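What follows is the residue order along each chain.
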Amino acid sequence: MMRLKNYTILLLPILSLIGGLWHNQFIYDGYHWGFIHTNALEFLNGKTPYKEIFLEYGILSVLINSLLLIVFNKNLFSLIAFTCLCYSISLYLIGKITFKLTKNKIYSFYLVLVLFLLYPWPTTPWPNFYSFLFSCLFIINYLSKNKKKHILLEYIWH
Amino acid sequence: MALAYLCLTTIFNFIIVFYFILIILFLILFRKKLDKEIIFRLKNIFIGFTFVLSLYFLYIYNQNLFDIWFVYQKLPFIFNNALENYSAFDFIIKYANFVFLYPYKNFILEPQWSLYSMFIISNFILIGLNIKNLYKKNEIKINSELLFINIYIFSLNFYGQVLGLEKLATTMSLGAISLSILIIKIKSKDTKIIINFVILFISFYSLLFTFDLKDSKISGMRYVHLKELINKDQKIKNDNFKYFSVQKWNKKKWDLLNNITKTQSKINRNCNIEFGANLTVDNFFHSLIKYKKLQVIPFFFKHTGSILRDYIEPKLITNIQNEINKNNIFIITSEGNDKLLNLENYDHPLLFELDNKKIIKEYIKIYFPKNCYR
Chain E
1 MMRLKNYTIL LLPILSLIGG LWHNQFIYDG YHWGFIHTNA LEFLNGKTPY
51 KEIFLEYGIL SVLINSLLLI VFNKNLFSLI AFTCLCYSIS LYLIGKITFK
101 LTKNKIYSFY LVLVLFLLYP WPTTPWPNFY SFLFSCLFII NYLSKNKKKH
151 ILLEYIWH
Chain W
1 MALAYLCLTT IFNFIIVFYF ILIILFLILF RKKLDKEIIF RLKNIFIGFT
51 FVLSLYFLYI YNQNLFDIWF VYQKLPFIFN NALENYSAFD FIIKYANFVF
101 LYPYKNFILE PQWSLYSMFI ISNFILIGLN IKNLYKKNEI KINSELLFIN
151 IYIFSLNFYG QVLGLEKLAT TMSLGAISLS ILIIKIKSKD TKIIINFVIL
201 FISFYSLLFT FDLKDSKISG MRYVHLKELI NKDQKIKNDN FKYFSVQKWN
251 KKKWDLLNNI TKTQSKINRN CNIEFGANLT VDNFFHSLIK YKKLQVIPFF
301 FKHTGSILRD YIEPKLITNI QNEINKNNIF IITSEGNDKL LNLENYDHPL
351 LFELDNKKII KEYIKIYFPK NCYR
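Protein sequence lines correspond, in order, to chains E and W.
Going by our numbering, the letters in the first sequence line up with residues 1 to 158, in that order.
Going by our numbering, the letters in the second sequence line up with residues 1 to 374, in that order.
Incorrect hints may have been included.
[Stated by the list, open to error] In silico negatives: residues of chain E with every beta carbon more than 12 Å from chain W:
#, residue
1, Leu17
2, Ile18
3, Asn45
4, Leu76
5, Leu85
6, Cys86
7, Leu133
8, Leu143
[Said to hold, decoys possible] Between beta-carbon pairs, the in silico distance windows are:
#, chain 1, residue 1, chain 2, residue 2, range
9, E, Ile140, W, Lys94, 28 to 38 Å
10, W, Gln234, E, Glu56, 32 to 42 Å
11, E, Thr48, W, Asn328, 21 to 31 Å
12, W, Ile194, E, Thr48, 53 to 63 Å
These are computed hints drawn from the structure, not numbers from a lab.
Keep in mind that this is a model prediction, so the values were computed, not measured.
No residue lacks a Cβ here, since even glycine has one placed at the ideal position from N, Cα and C.
Let the hints inform the model, and build the full structure from the sequences given.
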């Protein structure tokens with residue numbers, strides 16, 4: 001039986017991140033990328049969400065993007081780099097979730113490989129990549145057996 | 001889950017409502033059979049979600065934004081009424097077609113969809129199996145644990161049905177987890193090998209022969225963004241723009257952005273203009289406008305744009321016209337959007353050729369008051 005080391009599951013997410021960073025430096029997408037960038041810039045300029053900024057999707061993605069622009073000197077690339085990072089973490093988490101449910105390292109690697117081949121990396125800094133990461137985190141947290149995390153809530157309920 | 005909701009509120013409104021309705025339904029049906037720990041975890045999910053959402057709505061209420069927030073939540077309906085006018089039944093039929101027919105009919109050119117179809121179907125089958133096992137009281141803890149994950153993935157179909165590669169990759173790809181569980185449950189080793197071979201074959205075939213999805217109507221930005229790699233050696237960096245300093249674009253694109261910036265600098269030397277407007281679909285131009293902006297929607301669609309504007313900023317054109325009359329606005333337009341305005345008292349526009357591969361050349365026009373650009 002083929003054996004996989006623990007770090008093997010990291011290979012494809014890392015490749016996804018590197019590929020995304022490389023590909024996205026060449027993309028000019030004034031509509032999609034510009035929309036996300038300008039929304040975050042307008043938020044930093046003090047405009048009110050919804051009333052003065054067109055938030056077609058959600059407020060949290062604009063908050064995250066604004067924070068990235070503060071840290072990285074308003075650079076557009078920080079948004080797509082972070083999106084690629086979110087997607088690669090999501091791929092890793094899907095591998096982890098599969099391992100938790102199947103206890104099979106080969107299947108968790110195999111699954112990430114299939115998803116990577118279908119969609120290797122994001123090419124738009126779209127909020128669905130953030131929500132995808134949060135969805136994966138939600139599932140992994142739900143599967144978490146660690147009861148200590150829930151002590152406070154347990155206290156409230158009982 | 002609450003964070004996912006806040007990132008993509010307009011879509012997750014449907015997902016979350018559907019998810020909680022299904023959870024409540026299953027809790028009522030299987031209350032006595034479900035493990036107490038699972039019920040406890042579901043309560044935690046609900047409390048956590050309600051807590052984060054309460055903070056969000058407190059902000060919305062505090063800023064007096066509820067009315068406009070509500071308009072935004074109607075956007076999916078507004079778009080549907082204006083563009084497709086599908087009923088709920090039409091959506092189900094369209095999605096059923098995508099899951100059961102389209103991927104297999106178009107397998108040669110678009111094999112990717114067949115895998116997404118398998119993910120969706122696997123998730124559905126696993127929900128059925130888990131319910132059946134719960135009825136029979138087999139492996140209750142594992143099944144109920146899985147069931148609520150499968151229901152969440154199932155709820156994501158609300159976003160998946162919009163179709164498009166990016167949407168499927170960030171929703172229905174989670175169905176792959178269900179597929180792997182089903183494969184592992186198969187007892188026959190040969191069947192397992194065959195299924196795994198089929199999946200790998202489709203994956204590699206998609207990668208090697210149809211990766212660009214050139215002729216697909218639901219490939220999202222795949223083909224357009226792959227084309228950006230053509231002539232990548234001719235693309236260059238430009239340190240003059242702090243926003244775009246990492247990007248490598250072709251010279252024509254940089255020249256256009258340079259012209260927009262330089263024009264504004266020149267105008268500022270002669271005139272004191274207060275506002276700027278971007279009447280093109282390129283939002284980078286909006287970012288580069290140094291003046292105050294009247295627009296809420298940073299782009300301007302010629303044909304379908306009025307649908308959005310009517311709800312979000314119905315007085316936009318009137319407001320821009322008022323500022324034109326006061327010689328107080330700088331305007332970037334394309335696609336003949338300037339015809340919506342009376343620009344008689346403005347100077348002749350500057351024309352810059354757009355970098356696209358269309359046979360008929362397209363230009364952006366920059367309008368400004370007379371005697372500002374000398």
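Here is what the structure says about each hint:
no.: 1; hint: Leu17; in the structure: holds, 15 Å
no.: 2; hint: Ile18; in the structure: holds, 15 Å
no.: 3; hint: Asn45; in the structure: violated, 9 Å
no.: 4; hint: Leu76; in the structure: violated, 5 Å
no.: 5; hint: Leu85; in the structure: holds, 14 Å
no.: 6; hint: Cys86; in the structure: violated, 10 Å
no.: 7; hint: Leu133; in the structure: violated, 8 Å
no.: 8; hint: Leu143; in the structure: violated, 7 Å
no.: 9; hint: Ile140/E with Lys94/W: 28 to 38 Å; in the structure: holds, 32 Å
no.: 10; hint: Gln234/W with Glu56/E: 32 to 42 Å; in the structure: holds, 34 Å
no.: 11; hint: Thr48/E with Asn328/W: 21 to 31 Å; in the structure: holds, 23 Å
no.: 12; hint: Ile194/W with Thr48/E: 53 to 63 Å; in the structure: holds, 58 Å
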